[in-house]
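Those protein sequences? They're chains A and B, same order as listed.
Residues in the first sequence are numbered from 0 upward in steps of one, following numbering that gives the first Met the number 0.
Residues in the second sequence are numbered from 0 upward in steps of one, following numbering that gives the first Met the number 0.
Simulated from the structure, these hints should not be mistaken for laboratory data.
Certain hints may be false.
To be verified - Now the in silico label distances, taken between C-beta atoms and shown as ranges:
no. : chain 1 : residue 1 : chain 2 : residue 2 : range
1   : B       : M0        : A       : G66       : 47 to 53 Å
2   : A       : E65       : B       : V197      : 40 to 46 Å
3   : B       : A74       : A       : E236      : 25 to 31 Å
4   : B       : R160      : A       : K168      : 52 to 58 Å
5   : B       : V174      : A       : P242      : 46 to 52 Å
6   : A       : K191      : B       : L129      : 33 to 39 Å
It should be emphasised that the depicted structure is a prediction, and the values quoted were computed from it without experimental measurement.
Note that the Cβ used here is the ideal one computed from N, Cα and C, for glycine as well.
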Amino acid sequence: MTPLAIPLSRRSFLASSAALGTLCVIGDARGAEAGGMLRRPIPSTGEQIPAIGMGSWITFNVGDDEGLRAQRLEVMKTFLAAGGTLLDSSPMYGSSEEVLGWCLKRLPEKPQTFRATKVWTMFQSWGVTQMQKSRELWGGERFDLIQIHNMLDWENHLETLKAWKAEGKVRYIGITTSHGRRHRDLAKALEKEPFDFVQFTYNVADREAEERLLPLAAERRIAVIINRPFQGGSLFEAVGNKPLPSWASEFDAANWAQFFLKFVVSHPAVTCAIPATSRVDHMKENMGAGLGRLPDPEMRKRMIRHFADV
Amino acid sequence: MIPFTAEVLFSLYGRYNMAFGPVLAIGFALCLLALFMALRPFAGSGRAISAILAVFWIWIGAIFHFGYMAPLNWAAWIFGAFFIVQGLLLAWLGGARGRLSFHGEPGLRGTVGVILFAFALAYPAMDLLLGHRWPQLQFAGTLPAPTVAVTFALLLMTHGRAAIALAIIPLAWAVIDGAAAFFLGIWPDVVMAAGAVVAFALLLAGRQTSQLSPQPG
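Pulled out of the complex, with its shape left as it was, chain B reads as follows:
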């Protein structure tokens, strides 16, 4: 049961964005930087991208969920905790242990990844189409739904068990948020949820493919 309306939710986005204006720009810029480093990898770029994603998830958990959503929804304390856990996992697996290496992907994974990334960056435009105006817009890097889309887009540019492990919390959030968004009439979040499910399926399929591939002799 959703304890608030879409009007109240977007009003909250507006107050949050007004409070952290410069951070929105930095977050957006970091999204673009992460994409650039994924498409043009270099030594240490995997750790840098992981660190960027970690910062996003920890910020959203601590500041957005705990600081802004919790007064509206008791479940925000739980969501915020899981967002922080996700950030710590990214920092550990991707940052400290270097288990993620990002690079442009050919084929379906690459196509879905590009679509998801473009979708994430275009979120403010979709909110405008919904009738909202600045500051009641969602930006990747600082609000959950577009950040989940960015995360999946980047995870599709890597391989291995670490990517799948790091997709579980985003998938869970996407499904929960998508279900709520369905009843609130926030269709971009519903599309985001569908995209997350597709991306997760591709991650799983990619793992099965690599398991079936002959190992170097």
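Isolated chain A (complex conformation):
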């Protein structure tokens, strides 16, 4: 089970401390124009999407609570205002898809979004039903991306998704895993089939994907979405109350969230990272990772060493 405890008070403390005397790259969310947000191409088409997306595991699973839904609406507004577009969810995430759809309906203007969901069930016919249900929950628009969640019955669902892509019912198809599970099976699937996207876990503490999956995705021209960029929040627990190193300003990171996210998106094979949050202030921090400079390879090594020492 994933611990949910994120040392919010410590995170807030560190964010405040790091902001003092360093370049504050968060600034006003209005300053994060689409042009300022780091964008990455989807290799199969060249379409560019912002490098910081939004996950919805746990964070948007709030059921019918109107108050909590209203809070999530503010989180989504902050995300979109800062230049984000990719929204990721799954039927596995409880009521998250429904809440996302609820929020999307209540946005003052119809925003540009990149809608990514997943199919998570056995059997092809159940998958079709599930994906149709997902579309209703999100508000009826065509999905930009449908991913096979945790490789469950992937060969059957891939048949559906290939047909749907040919018919224009979905723009991109993908496959996912997380927590470092089934990397070998995933690599075989990527070698064999024409996926547009792959999603897996990668962060400064879990770099297994560097060995095979990231190079393979680059070689096969598959866009990469990274889940768990904060390792379920445990990266913040690991750094505790320690201040951000001063050299983080060299790549415009003003807090640990941006340190961790910039590490992820600075890998050349990564297209988009999808941190999840239920808080507006954390969303602003996360979106700041898409602004400014990124660490170069030497700096990435320094980040790895620093995190290992911490």
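Starting from the known structure of chain A, fit chain B onto it as the hints suggest.
Same frame as chain A, but now just chain B:
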């Protein structure tokens, strides 16, 4: 992996309690009635207590798990099914076949049973200590964790294989819920799980003791 936070869970408890206010009071009253009948048994009291427990488990399975938890957690469909099975087992073994007779127990079983029962009834107070307020409180008879505690408390007041058979699903639930509660920071449920394990051990020990006891000649 737990797909929701404690905040969302207690918010759900609040909406559930607001929807079924009178039922909370009836459930709580039935808990007290079951305890009274266990301490002062009479002909048919075993069947009546079994029927009360059966109603609790079937209600929680069908209404709470299927109706409220399922949108938050796909596993609620499985949990709800097992709660209904438990209710049907109680109705059959305890109600229809009369295999359970409840009575006050001396010694460790009785003490643990009383503690568990008091713990179950005090659940709302513990939720208050956690910082929650009405209606985000858990009541025995209508929500799973305190109802599991009541069930074990009553099973400790009976003997035989039927009691052990009827403790398996509650034990499984207690362990699963306790593990989730540990990560969510809901300590009463963690304590409930520990109490369930102790109670189950006492039920098993009671069966071994009765097997070793000389049979009437």
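Hints versus structure:
For the pair M0 (chain B) and G66 (chain A), the supplied restraint of 47 to 53 Å is violated, since their beta-carbon distance comes to about 25 Å. For E65 (chain A) and V197 (chain B), the hinted distance range of 40 to 46 Å is satisfied, since their beta carbons lie about 41 Å from each other. The beta-carbon spacing between A74 (chain B) and E236 (chain A), approximately 26 Å, falls within the hinted interval of 25 to 31 Å. Checked against the hint of 52 to 58 Å, the C-beta distance between R160 (chain B) and K168 (chain A) comes to roughly 57 Å, which is consistent with it.
Distance hint check: the CB atoms of V174 (chain B) and P242 (chain A) are about 41 Å apart, inconsistent with the given range 46 to 52 Å. Distance hint check for K191 (chain A) and L129 (chain B): the Cβ-Cβ separation is about 51 Å, which falls outside the suggested range of 33 to 39 Å.
The structure fails to meet hints 1, 5, 6 from the earlier list, while all remaining hints are met.
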